[in-house]
Amino acid sequence: MVTVNLYSYGIARDIVNERKMPLTLEADIVTVGDIRLHLYDKYPRLKSLASLAIGVNDEYVNDDTIVTDQDEIILIPPVSGG
Amino acid sequence: MVTVNLYSYGIARDIVNERKMPLTLEADIVTVGDIRLHLYDKYPRLKSLASLAIGVNDEYVNDDTIVTDQDEIILIPPVSGG
Amino acid sequence: MEVRSNKDIHIRSIALDEAECREFVCLPEAGGVVLFIGTVRNHTEGREVVRLEFESRESMALKEMHKIADKVCGQWPIHKVAIHHRVGSLDIGEVAVIIAVSAAHRKAAFEACMYAINTLKETVPIWKKEIFSDGEVWVAAHP
Amino acid sequence: MEVRSNKDIHIRSIALDEAECREFVCLPEAGGVVLFIGTVRNHTEGREVVRLEFESRESMALKEMHKIADKVCGQWPIHKVAIHHRVGSLDIGEVAVIIAVSAAHRKAAFEACMYAINTLKETVPIWKKEIFSDGEVWVAAHP
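Same order as they appear, the protein sequences are chains R, P, X and G.
Take the first sequence: its position 75, counted from the start at 1, is 75 in our numbering, and no numbers get skipped.
Take the second sequence: its position 26, counted from the start at 1, is 108 in our numbering, and no numbers get skipped.
Take the third sequence: its position 81, counted from the start at 1, is 245 in our numbering, and no numbers get skipped.
Take the fourth sequence: its position 109, counted from the start at 1, is 416 in our numbering, and no numbers get skipped.
What follows is a list of derived Cβ distance ranges for each label pair: (1) X:D234 / P:A132: 35 to 41 Å; (2) G:A322 / R:E18: 49 to 55 Å; (3) G:R354 / R:D64: 55 to 61 Å.
To give an idea of the interface, some chain P residues facing chain G are shown, with a C-beta separation under 10 Å as derived from the structure: (4) Y91; (5) I93; (6) A94; (7) R95; (8) D96; (9) A135; (10) N139; (11) D140; (12) Y142; (13) I158; (14) V161; (15) G163; (16) G164.
None of these hints come from the bench; they were simulated from the model.
We put the CB at the ideal spot given by N, CA and C, even for glycine.
Given only the sequences and the hints, what does the whole structure look like? Please build it.
Have a look at this one:
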């Protein structure tokens, strides 16, 4: 069982409706891809985004990355700074 | 006979040693090329420049251009603004 | 806390200052400074924009902005770079981003500044919501 | 006397003002402003420069600067362009030239600004003399 903190921004925050929330997955080893599937299942509107990158502890990561307890998981819909 | 006013800038001014001077050529038709040759003859150091463009009445012209009385002839050594 | 760093990276909720950016990058051996200033436009695809709202994941955005500055200094003979980004609610004409780059020669400064703004728009976790008179939309969110 | 022109062209013997240039080109429909600021460098090919002296054929230089501005506005979707050049004696670090360009999109603004400074250095009748501690030289005069 792994518990992380999910931070959502931009339109992802509107969809998830929380800036920050704890998220627990029932598995010994949890990857970013597992979190993605879990969220797509719980918030299907996330699938409609042009892209959804995920950050762990303020770094971009790919879906193979393994997360650990208390990691900060950041939902990054298409950025539009500048 | 054609009399023009010669304006010199940058290093051309240092060579000619006058900002502005009248210049008379003894011919009915005088081109910019004629003025160039006259000046090269009188101030051989002008020939050592990387380039020497000539302007007439504040426009770049080529050596075929015919000048008329009272034209302003501008000696333009390599420009270096900016 | 970097002292005498060649980078000046900020995310601010108050007005950005272009003179500050220029002064940071200027130094006696720099002949050319290129600045990009991104302002809030009054329209997007023909629709009138009332104002913009920017939000960021600040800690990660600063990290990514530092990466851009490091890349710029590694890839071009750049002396200094400043990247300032505004967040919060911005009116039309207000400055959203300033990038300033100094170099001995202008070609490097132009290329580095273009690279920096292009990369910022691709990688830095900042999001922009356009507020219209009849609705609002997160920019680029949907295909 | 052009009123509400899209060009702001000056040759000045007093300090140039970058905020003035930026304010001139900024307008609600412009999303991107690119500025080039050319300053006096403290060295050239390893030799220490004490100061610079610029002289111009002012009437012709202004004409050529207007041509550049017109070309820029014809060739790219540019809103406004400012070109200010300093003449006289300049100390190290002082601003010799400012070019500011505004456009709805940044790529056009960068390209137009680069074109403008490159062309200015080729065509505008302004001459620069570098003053060293032990002599002086007209820049680029000799092969």
